[in-house]
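Single-letter residue listing:
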Amino acid sequence: MIGGAQGSGVDTSANIFAKAAAQGGLHVFGKREYYSNIKGEHSYFQVRLSKKIVRSHVDTIDLLATFDDETAVRHAWEVRKDGGIIYDPTVGGNNIDDIHTIEAPVRARLYSELDSQHLPHSVEGVLEVARRKGVHIYPMPYMDVLKKVGEQFGESSLSSLTRMINVMAVAASFALTDYPQDQVNEALRKQFKSKPKVVEINIAAVTAAYDYMRDKYNGGFGHKLAPIPMAEKRIFVRGSSTVGIAKILSGCRLQTYYPITPASDESEYLEAHEIIDLDGALSNEAQAMKGSIAVVQTEDEIAAITMAIGGALTGVRASTSTSGPGFSLMAEGIGWAGINEVPLVVTLYQRGGPSTGLPTRHEQGDLRFALHSGHGDIPRVVLASGDLEEAFYDVTRAFNYAEKYQLPVIHIVDKAMANSDQTYKMFDPNLIKIERGLMISGTIPENESDHGEFHRFKETPSGISPRPVIGTQGGIYWNTGDEHDEKGHISEDPTNRVMMMDKRMRKLDVASKEIPAEEKFHFFGPKDAPITIVSWGSTKGAILDAMESLKEDGIIVNFLQLRLIAPFPVDEVKEILSRAKKVVDIEMNFSAQLGGVIRENTCFPLDQYVVKYNGRSMSQEEIYDAVRHIADGSAPKRVVLTNGA
Amino acid sequence: MALKLTDLKSDVHNDWCPGCGDFGIISAVQMAMAEMNLDPNKTAVVSGIGCSGKTPHYLRTYGVHTLHGRSLPFATGVKLANPNLEVIDCGGDGDGLGIGAGHFVNSGRRNVDMAYILYDNGVYGLTKGQASPTLKLGVKVKSLPLPNINSAINPTMLALAAGYTFVARGYAYDVRHLKELIKKAIQHKGFAFLSVLQPCPTYNDILTKEYWGGEGLLDAAGKQMPRTYKLEAQGYDGVVKSEDEMEKEEKIKLAVMKSFEFGDHTPIGVFYQNEHVPTYEERLTQRMPTYKTSPPAEQKIARDDGTPLANISKLLDELSVN
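Protein chains in written order, with this note's numbering: chain W, 1 to 645; chain U, 1001 to 1322.
Capping the alpha-carbon separation at 25 Å, the derived lysine-lysine pairs in PhoX-like fashion look like this:
| no. | chain 1 | residue 1 | chain 2 | residue 2 |
| --- | --- | --- | --- | --- |
| 1 | W | Lys290 | U | Lys1292 |
| 2 | W | Lys233 | U | Lys1314 |
| 3 | W | Lys193 | U | Lys1314 |
| 4 | W | Lys458 | U | Lys1042 |
| 5 | W | Lys51 | W | Lys551 |
Quick caveat, the hints were computed from the structure, so don't treat them as lab data.
Turn these sequences into a full structure, and let the hints guide you.
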């Protein structure tokens, strides 16, 4: 773990650390926690490395790299016996009283611990607690070492040197684990590729840190890291860019958004990559032409969704990305898209609610809202990805569902995914197929229209009607949020109303039949396990990691990960739950929302619940502990998890 | 082939109240479209909620009857996705200046190339005559139980402050003059705002057809004088003719002064026009050179077998670790 004040380069240094490890063939999972603040508050980045695939974080830290007092004070407690803490001895004497960004309740908890061990309220006091537990403490006088580096380069500006402290912390960490320095150098070259001078001085700083740590603490640290060969092509990705890349690939050419954490990163990624390369195997005409995606920042989320809908009426694949508060404003637009059968994709990055809630923290609290946002009944698809790899492929599915079934699709991801990084096997664009449904553009022959007007909402057995885009010759029709007839004119006729409602809702039956099982859910583990976990979204990683450690301890579980929540895969879920022995619902929200959705759709009672709503994603150990206690019968019906800083 | 007025009329029964100013507006829209020979297949008329919101249903073009207050962002989405379409937005004063005021202001900042016709009658007609944002303080139209407690917005000044590049006002029953203003609004390069004084015979018994016609306002000879006058007839010129910021400022100041005239001497015509401000489409084209030639709606995104045309290998390479 590395931590520091927001704005001090924690993110960059953790990225360099993670990339250097990933380059060396290690599997990496990284997670970022931060306050709703730009500069000054505490943030930290946790990176987990392994020879095997890792998909979640753990609560105990092997190595804590700090360069400020607050990180040491807050996180030293989480370091395991035989683990290590790197710290700047010049802050050792700092009093906790003087660290203003520590909230009163945290301060009170710290003092009570320190008082019980008769230790001073200072960084040294906290480090002594760790020392007593068996943690190695490694002082690293950053500025002394850096000044020597500065002298080599004729750089004496303190602010320039200070900027490299976080890289030194990364280097010191790797030095303790004997990880080869050339991997770190390579990661720096990639990070600062357009700035060779920055690379040069940073590499000098890294070298100095390696030398210092080797001289002082040679061989003292028990955990070692070494590169391993990679058989596959691999990438290291973050949620926001993953969804962005997938939107480009899926043909999204209009994205609207209003700034909101943690969704806007995706739109900014798209704006930065608005010119799109087209495939070289195309006709010459298309090769000469670049594609482009128009990214429009609107005045609010109401404008974001309605502008995307307006675009979609012309045939473009359009989407908007938002988080809970923005999605609340979009509810009326969702209804309009529903009644007008407009293909639309909303990417919903859940964060802690209600209201402004925990704006930079994680929760899966919007499932019920995604299912029910807007008044009246409309057909909709709600799809929840479990990790970044799923999200990549699900983006295309979301657009395909939207266009095939002509309805709004809410693609749910969350803060934990948006702000986590993970190594995956290289994504494969060849697996992507774009399906545009019954869209019509160009010219409609005269005998297929009514004197140039078109029965856009024609009743059909599937409920799906051919859809001319605005601008189609001979396709004139009307849209309205009122109930309407086949051409789209307002109609309050009761017979027409029933016909139209049935037509629209019927599309969901078709979707249920057509969407393959693997897109609806994933099932992991042996069929006949004594415990069945049900969950959805980004808890997937921690559950899979916990399942492995549970198995090592002889506790066998299987796991039903729901992906398509609407239309709900009733038969499939019934079938799985009917053979389950004990069903445990695991979710990141207060009310076990998926559990309720399962019960209302299948009538199956769930046996136990594991929920968490403190804003911090579930760790592998938490799930391990909860399931172990459920297995031995010592857990209550509803377990509330609370780990995380 | 020249368009006839009947080509632009849908089969839908028009249920506006007899004598509604909206009839004048829709006639002027049809006349303008016919004279400009706008292809109904390439035209979208977008509206919000209220009596004005029904306009698209009575016209034979692509019609998009949207949500209350949201017609502008819907229309903007249509136009930005396919700038080759003609987009005309029709909305009421409650729709555009009340519930949709945020979109009204921000549309000025964008300057998308489309026309917005605001039906200004001072009341919320379809919900039975509540006070709208353009009704003056203390006025009690017949449907109000008590006089209006809010002050009125000055739409012209608001539009100028928001950055609209075409600001005009028409009168619903001066159809020929209104038609010319609509043509100018559509032809204008940029976002054109045209508010129309539109008597509501059912709920606004103060700003009536008779009122605008000059009832009770007599000249020295005892002849009834209309309460509207045409800006151009008085030699007023609100058109900015150069990129000079000073000229722009002067013209805006003139228009703001004119916008205060309301009541017995109410100007109609073009208050302000400036085509030297780049449209949103032009701004996008600067960043994405193929935007106009290959706009979002017209880009091919897949081969016939569904394989995507976008090549993301560079994007993936940026993230590759080996």
